[in-house]
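J.: Chains P and B supply the protein sequences, listed in that same order.
All residue numbers for the first sequence refer to our numbering, where the first residue is 1 and numbers rise by one.
All residue numbers for the second sequence refer to our numbering, where the first residue is 338 and numbers rise by one.
Calculated directly from the structure, the hints in this document are not laboratory data.
Quick caveat, the model's predicted, so the values are computed rather than measured.
Glycine is no exception: its CB is placed at the ideal position from the N, C-alpha and C atoms.
One thing to keep in mind: the hints can contain errors.
Sample of chain B residues lacking proximity to chain P, with all beta carbon distances greater than 12 Å (derived) [unchecked claim]:
1) SER343
2) ARG356
3) ASP361
4) LYS363
5) PHE387
6) ALA396
7) ILE443
8) LEU498
9) ILE524
10) ARG525
11) ALA532
12) ILE543
13) THR585
14) PHE631
Residues from chain B that face chain P, not an exhaustive set, calculated with beta carbons under 8 Å [unchecked claim]:
15) LEU484
16) MET488
17) ALA489
18) LEU569
19) GLY573
20) PHE576
21) ILE577
22) ARG596
23) TRP603
24) GLY610
25) LEU622
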Amino acid sequence: MDLRTYIVRRLLLLIFVLFGVLIISFVVSHVVPADPVQAILGPQAPPEAIERAREQLGFNKPLHEQLIDYLWRVLHGDLGKSLRTNRPVIVDLKEFFPATIELATTAMIIAIVLGIPIGIISAVKKDEAIDHVSRLFSLVGVSMPVFWLGLILLLIFYYRFGILPGPGRLDPTIPPPPKITGLITIDSLISGRFDAFINALKHLLMPAFVLGYYATAIIARITRASMLEVLRQDYIRTAYAKGLRERVVIMRHALRNALIPTTTVIGLTYGSLLEGAVLTETIFAWPGLGRYATGSFLFVDFSAIMGVTLLIAVIYSLSNLIVDILYAFLDPRIRYG
Amino acid sequence: MKLLESLSKRYKRFLEERRYQIEDMKLIFDLWKKSPLTMLGTVIVISLIFMAIFVPWFAPHDPLEQDVYNRLAPPSSEHLLGTDQLGRDILSRILYGSRISLVIAIIVVAIACSTGLILGLLSGYFGGVLDEIIMRVTDIFLAFPRLVLAMAFAAALGPSLLNTMIAIAVTSWPVYARLARASTMQIRNEFYIEAARSIGASDLRIMFRHVLPMILAPIVVQATLDMGGVILTAAGLGFIGLGAQPPTPEWGVMVSEGRYYLSSQWWVSTFPGLAILITVLGFNLLGDGLRDIFDVRMRR
Numbered sequence: 001m002d003l004r005t006y007i008v009r010r011l012l013l014l015i016f017v018l019f020g021v022l023i024i025s026f027v028v029s030h031v032v033p034a035d036p037v038q039a040i041l042g043p044q045a046p047p048e049a050i051e052r053a054r055e056q057l058g059f060n061k062p063l064h065e066q067l068i069d070y071l072w073r074v075l076h077g078d079l080g081k082s083l084r085t086n087r088p089v090i091v092d093l094k095e096f097f098p099a100t101i102e103l104a105t106t107a108m109i110i111a112i113v114l115g116i117p118i119g120i121i122s123a124v125k126k127d128e129a130i131d132h133v134s135r136l137f138s139l140v141g142v143s144m145p146v147f148w149l150g151l152i153l154l155l156i157f158y159y160r161f162g163i164l165p166g167p168g169r170l171d172p173t174i175p176p177p178p179k180i181t182g183l184i185t186i187d188s189l190i191s192g193r194f195d196a197f198i199n200a201l202k203h204l205l206m207p208a209f210v211l212g213y214y215a216t217a218i219i220a221r222i223t224r225a226s227m228l229e230v231l232r233q234d235y236i237r238t239a240y241a242k243g244l245r246e247r248v249v250i251m252r253h254a255l256r257n258a259l260i261p262t263t264t265v266i267g268l269t270y271g272s273l274l275e276g277a278v279l280t281e282t283i284f285a286w287p288g289l290g291r292y293a294t295g296s297f298l299f300v301d302f303s304a305i306m307g308v309t310l311l312i313a314v315i316y317s318l319s320n321l322i323v324d325i326l327y328a329f330l331d332p333r334i335r336y337g
Numbered sequence: 338m339k340l341l342e343s344l345s346k347r348y349k350r351f352l353e354e355r356r357y358q359i360e361d362m363k364l365i366f367d368l369w370k371k372s373p374l375t376m377l378g379t380v381i382v383i384s385l386i387f388m389a390i391f392v393p394w395f396a397p398h399d400p401l402e403q404d405v406y407n408r409l410a411p412p413s414s415e416h417l418l419g420t421d422q423l424g425r426d427i428l429s430r431i432l433y434g435s436r437i438s439l440v441i442a443i444i445v446v447a448i449a450c451s452t453g454l455i456l457g458l459l460s461g462y463f464g465g466v467l468d469e470i471i472m473r474v475t476d477i478f479l480a481f482p483r484l485v486l487a488m489a490f491a492a493a494l495g496p497s498l499l500n501t502m503i504a505i506a507v508t509s510w511p512v513y514a515r516l517a518r519a520s521t522m523q524i525r526n527e528f529y530i531e532a533a534r535s536i537g538a539s540d541l542r543i544m545f546r547h548v549l550p551m552i553l554a555p556i557v558v559q560a561t562l563d564m565g566g567v568i569l570t571a572a573g574l575g576f577i578g579l580g581a582q583p584p585t586p587e588w589g590v591m592v593s594e595g596r597y598y599l600s601s602q603w604w605v606s607t608f609p610g611l612a613i614l615i616t617v618l619g620f621n622l623l624g625d626g627l628r629d630i631f632d633v634r635m636r637r
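The following block holds chain P by itself, in its conformation from the complex (with noise of 0.2 Å):
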């Protein structure tokens, strides 16, 4: 199979997994015990009135008719109305969009830059005293709650010492820039308001950290995993032997190939961010999809929930294709299929 045929066949995939997901996502949210409009109303609703609010929202219909009018609808763009904001599904999602993307970026550069010095120096000092403290640093990353780490981030750092600021991405002082992007740190850049990006700089680094520290680890275990594979081979034995320092053979013979696990992990973490995005962005309250995500969820705001979990599939899945494709293109050696 060549490169394009494999990107077509997993395209094809992609289409069949997002209908898949769009019918779990209906089955989830219809054929479940909660009733829909009796959580709208509240318990204390007269019967006539869930009736008629059961036929306004189309409930009285046959299931498979439902899943029908669901399907259609989507496709034309119609995620429905969200009963929690009264607002059209997908103009929440947009708004709610670009503060999990600039906290989830950030996240990642953080995990990126600590993430692949500790693992080449746990793989180039192996078995000594600072593998076995990297090592450790990094299990306990895929351990940690992510929730309490921010909590206890947020007790030193904000309660005890103030030194970084407190929940939200600005201080309430600062006016915001204006929505260009939807990025803070991007739009105060563009206008030129430099205060703002300070701060707002200030405001991510903690719950970025926070979020971050599970795909430091990630990336951290990789890189040592394929450094100590690649730091085996000839090729390198060689380099050695012809007299090259260290430095060298290190960081420009064994890193090239190292990072190409590296570079996959990366890719699959960034998807899995969501999920730890939506404890975080509720500790720090983060006005993002997770946070969106948490109140739809402790709503029952069906339309919402529909959408948040069909946003993040999209995401999920993109990324992982665009990693699996990516990983074809930095590996001449991989065979697809």
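Given the structure of chain P, go ahead and fit chain B onto it with the hints provided.
T.: Structure of chain B alone, referenced to chain P:
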């Protein structure tokens, strides 16, 4: 005397018959002894199990007993880890919470593991259309991040401990299916499988007697690591209010209850969270260690 002799003879024969298995166990034990981190993980997991079983015998207080005059009391000799907003002893609640986390993890992993294992075996062994169907369904379930799908299920079913388990189990089986399928495909064309088939063993018998035992090692590693993952997800659901409900002494719920007192009464959230971290770390250390051990054994 005769009895003793025959017993010792039998024992020797037993040792002789099981020589390879015993050597294998010795090898595993030697490898285990060499890694302090694996030992630490084992100790954490075993103490957790003991704690969960015997907690009523040594918990200092009842986990639900309220003492309103003593609410939010800092750690003291009476309440080693302090009390929460209703004056309940935090240490006792954490100790009892070990039961909840462990039960969730065991039940979820057992369900997810057996479902995934059976589907993966079928898929890898028979291949063809069946394989295609099972794998595409697996793909769909893997398209969601686990916590998000579990949240959707928990919201739909209504938040409770039982629904937490259902929600996490529904989202956990695909990994096992993929693992089992991959290893089954690797060995399904081996000679010994063919030999079993040629003497008339049924597909079912081949799958469970000849394939299953050979693919178990990676599954066991995954299950151990997953125990930690399930505990984390369950605690996350509890924290955002979609999991266990108060007054259940579930660790995620406890962290959540303490967050409103964070600035002044730090102990309410801190200790339950620490319990989650240590427990999950224990399972991850053990899982990592098991993987290394199985790797070495495979290579021999």
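J.: If a hint holds in the structure, say so; if it does not, say that too.
T.: Now for the hints, and whether the structure bears them out:
{"no.": "1", "hint": "SER343", "verdict": "51 Å, holds"}
{"no.": "2", "hint": "ARG356", "verdict": "33 Å, holds"}
{"no.": "3", "hint": "ASP361", "verdict": "26 Å, holds"}
{"no.": "4", "hint": "LYS363", "verdict": "24 Å, holds"}
{"no.": "5", "hint": "PHE387", "verdict": "20 Å, holds"}
{"no.": "6", "hint": "ALA396", "verdict": "22 Å, holds"}
{"no.": "7", "hint": "ILE443", "verdict": "18 Å, holds"}
{"no.": "8", "hint": "LEU498", "verdict": "16 Å, holds"}
{"no.": "9", "hint": "ILE524", "verdict": "19 Å, holds"}
{"no.": "10", "hint": "ARG525", "verdict": "18 Å, holds"}
{"no.": "11", "hint": "ALA532", "verdict": "29 Å, holds"}
{"no.": "12", "hint": "ILE543", "verdict": "26 Å, holds"}
{"no.": "13", "hint": "THR585", "verdict": "17 Å, holds"}
{"no.": "14", "hint": "PHE631", "verdict": "16 Å, holds"}
{"no.": "15", "hint": "LEU484", "verdict": "5 Å, holds"}
{"no.": "16", "hint": "MET488", "verdict": "5 Å, holds"}
{"no.": "17", "hint": "ALA489", "verdict": "5 Å, holds"}
{"no.": "18", "hint": "LEU569", "verdict": "6 Å, holds"}
{"no.": "19", "hint": "GLY573", "verdict": "6 Å, holds"}
{"no.": "20", "hint": "PHE576", "verdict": "5 Å, holds"}
{"no.": "21", "hint": "ILE577", "verdict": "5 Å, holds"}
{"no.": "22", "hint": "ARG596", "verdict": "6 Å, holds"}
{"no.": "23", "hint": "TRP603", "verdict": "6 Å, holds"}
{"no.": "24", "hint": "GLY610", "verdict": "3 Å, holds"}
{"no.": "25", "hint": "LEU622", "verdict": "6 Å, holds"}
Hint check: no violations occur; every hint is consistent with the structure.
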